[in-house]
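These protein sequence lines map, in sequence, to chains A and B. The working numbering puts the first sequence at residues 145 to 339. The working numbering puts the second sequence at residues 11 to 307.
Bear in mind the hints are in silico, worked out from the structure with no lab data behind them. Hints should not be assumed to be uniformly reliable.
Distance condition first, Cα-Cα at most 25 Å in a straight line; then the derived SDA-like pairs of lysine to any residue [unchecked claim]: (1) A:Lys220 x B:Gly235; (2) B:Lys253 x B:Ala272; (3) B:Lys138 x A:Gly159.
It should be emphasised that the depicted structure is a prediction, and the values quoted were computed from it without experimental measurement.
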Amino acid sequence: MKTELGVEPISIDVGRVLRSSVESVYSHLVTRPTGRAVRLAIEEEVTGTSSTALSLIDLSDVTVMDFSCADEIVAKLLMRFLEEDRPVDALFVFRGVCQSLYEPIQTVLERQELLAVTQGSDGCCELMGRPTEEEEYVWTVLEGRGRIVAEEVSEVFPGSLQREALEELVLRRVAFVPTGDRIYYSLSNLVGGTP
Amino acid sequence: MRVIDLPVSLDFQTLDALFAEVVEARGEKILFDGRHLRWVGPNGMAGLLAAGTVGRDKSGEAPILELGAAGDVKSYLGRMGFFQAAQGIFAAGTPFPRCSPGESDVLLEITSITTNSDIHDVVERVQKRAGAILSNTLGYLQTSVVQFSVILSEVCQNILEHAEAPGWVAAQSYNWSKRLGRHVVIISVVDIGRGFRGSLSDEHSARFADRWGDVTALEAAFIHGLTRFPDSGRGQGIQQIRKQVRRWGGLISIRSGTARIADVPEWFDAPPLEEGLSDFPGAQINIVLPERLDDED
Numbered sequence: 145m146k147t148e149l150g151v152e153p154i155s156i157d158v159g160r161v162l163r164s165s166v167e168s169v170y171s172h173l174v175t176r177p178t179g180r181a182v183r184l185a186i187e188e189e190v191t192g193t194s195s196t197a198l199s200l201i202d203l204s205d206v207t208v209m210d211f212s213c214a215d216e217i218v219a220k221l222l223m224r225f226l227e228e229d230r231p232v233d234a235l236f237v238f239r240g241v242c243q244s245l246y247e248p249i250q251t252v253l254e255r256q257e258l259l260a261v262t263q264g265s266d267g268c269c270e271l272m273g274r275p276t277e278e279e280e281y282v283w284t285v286l287e288g289r290g291r292i293v294a295e296e297v298s299e300v301f302p303g304s305l306q307r308e309a310l311e312e313l314v315l316r317r318v319a320f321v322p323t324g325d326r327i328y329y330s331l332s333n334l335v336g337g338t339p
Numbered sequence: 011m012r013v014i015d016l017p018v019s020l021d022f023q024t025l026d027a028l029f030a031e032v033v034e035a036r037g038e039k040i041l042f043d044g045r046h047l048r049w050v051g052p053n054g055m056a057g058l059l060a061a062g063t064v065g066r067d068k069s070g071e072a073p074i075l076e077l078g079a080a081g082d083v084k085s086y087l088g089r090m091g092f093f094q095a096a097q098g099i100f101a102a103g104t105p106f107p108r109c110s111p112g113e114s115d116v117l118l119e120i121t122s123i124t125t126n127s128d129i130h131d132v133v134e135r136v137q138k139r140a141g142a143i144l145s146n147t148l149g150y151l152q153t154s155v156v157q158f159s160v161i162l163s164e165v166c167q168n169i170l171e172h173a174e175a176p177g178w179v180a181a182q183s184y185n186w187s188k189r190l191g192r193h194v195v196i197i198s199v200v201d202i203g204r205g206f207r208g209s210l211s212d213e214h215s216a217r218f219a220d221r222w223g224d225v226t227a228l229e230a231a232f233i234h235g236l237t238r239f240p241d242s243g244r245g246q247g248i249q250q251i252r253k254q255v256r257r258w259g260g261l262i263s264i265r266s267g268t269a270r271i272a273d274v275p276e277w278f279d280a281p282p283l284e285e286g287l288s289d290f291p292g293a294q295i296n297i298v299l300p301e302r303l304d305d306e307d
């Protein structure tokens, strides 16, 4: 279902992907080959969309994720869709990131210098990785407002560093500007009521 | 035939002498005389399998393992699955007892690691069994079983990705009342692959020039997180294991080639780096996790 912003939400249950993409009945995300198999399956689902994919990656059923799998399923997945030759445009929001998954994910994001948005069960979003001070501030403001139109940007972000940070967040795919539009959206705004 | 006496206690430190003798055997058939063996931990068991395999491969004949009549060690080895793992490696001096592994007090029996499936099996088993031991015996948080499983997964992957040879993992809890006044969990991972120096040589030896050796290879992997893979996502396993072991106040050491490197907690007396040891083909990772004390955060 494509929204008016040209974004197509797609929910991906990683537990289901794990069970269907790996030969055996593994229930934990451990070992790099397992992570790679799951990532490729996710990439295939995301690539099947016809417009910008708003990929809701649900990790609720995952109990154990080692660092190798976090690198494959989170870091390499994000990196694939940041590349110039990415198969489609995609945004990612990770759900169900419980305490035990937080550390491996944060570790690989920091190591690969990536940012990612997670959404808790209360609907609140968090920026993971290691953003700069400006990026963190700008992301938090955008998150609070939901959207900022281009004309408001100078008023909301009077400093040039903040405005640069806003553009950087778009490039790093943790904020969104629709094609032909100059409205900055937080990913949580795009997720909206998506179940 | 070369007779090698096993010590009374076989652990990660007494293994050094055992391996020195295996190297000295130079292809002679070996008889491992374990009649005086009274205690053997996960490192001892995995190390003994490694020593036996090296002895077998060098001599072309399965070495003989003779254990004493005392039932405790045999019974324990049986519960830990040692005799099953020893099939094809050792010939029994006196027949090995028929024991079935997997008794309730075993955290993780000796498990051969040759495929990714083996690692999944290890994690499945540990997720079911380790929770009670980690929280009740060691006083760790209920959620620590996940971090424990992640440690096991990462150390076992070290075998598959770097050693390219057989390896074993085992874990068990012990009451170190005399030695430490606390319970501990010991994890051992041993392989007889090409070792850290062998794994890293192609990619990293040039920059170290004539300083390249077992010590520099261990430092490169253990301290700096270097790996033979160019992928920047690699090499974090050992770093993250060290971090978690430090949080739990534990000991981690890696023995490879002629060196051993370690993060040594204050309760253990050992140097952080040892060199000039007898050559150990492959790698031996030893992790000791101590019971949490009430006054610790």
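Among all the numbered hints in the text so far, which are the ones the structure does not match?
none
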